[in-house]
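Taken in order, these protein sequences are the chains called A and B. Counting from 1, position 20 in the first sequence corresponds to residue 25 in the working numbering; the numbering is continuous, with no gaps. Counting from 1, position 50 in the second sequence corresponds to residue 1241 in the working numbering; the numbering is continuous, with no gaps.
FYI, nobody ran anything at the bench for these hints, they're computed from the structure. Hints are supplied without guarantee of correctness; some may be wrong.
[Stated by the list, open to error] Short derived list, chain A residues pointing at chain B, Cβ under 8 Å:
1. F14
2. V17
3. S33
4. Y38
5. P44
6. L48
7. Y53
8. A90
9. F93
10. K103
11. F106
12. G107
Cβ atoms here follow ideal geometry from the backbone N, Cα and C, with glycine treated the same way.
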Amino acid sequence: GEDVEQSLFLSVREGDSSVINCTYTDSSSTYLYWYKQEPGAGLQLLTYIFSNMDMKQDQRLTVLLNKKDKHLSLRIADTQTGDSAIYFCANRGGATNKLIFGTGTLLAVQP
Amino acid sequence: SAVISQKPSRDICQRGTSLTIQCQVDSQVTMMFWYRQQPGQSLTLIATANQGSEATYESGFVIDKFPISRPNLTFSTLTVSNMSPEDSSIYLCSVVLIQKNIQYFGAGTRLSVL
């Protein structure tokens, strides 16, 4: 079945850039999403990218998609302590139209 | 975007009882989903809520345990039946807006079963 993998943990210093990586197996993906979950909260949609794009930038966020390698990344510029959260990559499969979530990456920002 | 109201936001329940969670959206949506997030885990899709018909359940989830209703385009309920401590999780409602491919989530219902 479809699978989405992420590294579990990333620690960065405030002001540095963070790069969170995600790999997926479904070659028929249509859209890929990044969600943020702060402690005790629901999921906040950060950004998404259509599968025929290779980059999308939105303020401090840059999404890179390598469709050949099935690799997605989220770069957060000038990371702040308020960016500390769990980040989920999610893939909408072309065949099922369902959202498959990655395992989540805990981003810890050190002051 | 969509505003998704999910109630209750949290509850503590006794083993063997049932809890019904409500999800109300302020926009017309095409699809509504229910997810479960067990402690420290990612999200797992329970079912797709279909308007006016039975929900479509994922493998490992059954209607007797998680009955779902969706009487109209903007409202759905999920019931967690005959609860046990293993049902302690966050349950999240999610929607896809008409003519969009963006999926939004409610704030979730934090359920603890004693």
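Practice problem: Have a go at the A:S33 hint: is there a Cβ in chain B nearer than 8 Å to its own Cβ? | Solution: A:S33 check fails; min Cβ-Cβ to chain B is 14 Å, beyond 8 Å.
Practice problem: So, A:V17 near chain B? Judge it on the closest CB pair being under 8 Å. | Solution: violated (22 Å)
Exercise. With a cut-off of 8 Å on the beta carbons, see whether A:F106 makes it to chain B.
Key: holds (5 Å)
Quiz item: How about A:G107: closest beta carbon in chain B under 8 Å, or not?
Solution: Interface hint status for A:G107: holds (7 Å vs cutoff 8 Å).
Quiz item: Quick one, is the A:K103 hint okay against chain B at 8 Å, beta carbons?
Solution: holds (6 Å)
Quiz item: With a cut-off of 8 Å, does the beta carbon of A:L48 approach a beta carbon of chain B closely enough for the hint to hold?
Solution: With a minimum Cβ separation of about 4 Å from chain B (threshold 8 Å), the hint on A:L48 holds.
Quiz prompt | chain B contact restraint on A:Y53 - CB to CB distance below 8 Å | solution = holds (6 Å)
Self-check item: Interface hint outcome for A:Y38 [beta carbon to chain B under 8 Å]
Solution: Hint on A:Y38: holds, closest Cβ of chain B at ~7 Å, below 8 Å.
Quiz item: Holds or violated: is the Cβ of A:F93 closer than 8 Å to a Cβ in chain B?
Solution: holds (7 Å)
Self-check item: Hinted contact A:F14 with chain B - closest CB pair below 8 Å
Solution: With a closest approach of 12 Å, the A:F14 hint is violated.
Practice problem: Please verify that hint: A:P44, Cβ, nearest Cβ of chain B, below 8 Å or not. | Solution: With a minimum Cβ separation of about 12 Å from chain B (threshold 8 Å), the hint on A:P44 is violated.
Practice problem: Report holds or violated for the interface hint on A:A90, using the least CB-CB distance to chain B and a cut-off of 8 Å. | Solution: A:A90 check fails; min Cβ-Cβ to chain B is 14 Å, beyond 8 Å.
Consistency note: the structure conflicts with the earlier hints numbered 1, 2, 3, 5 and 8.
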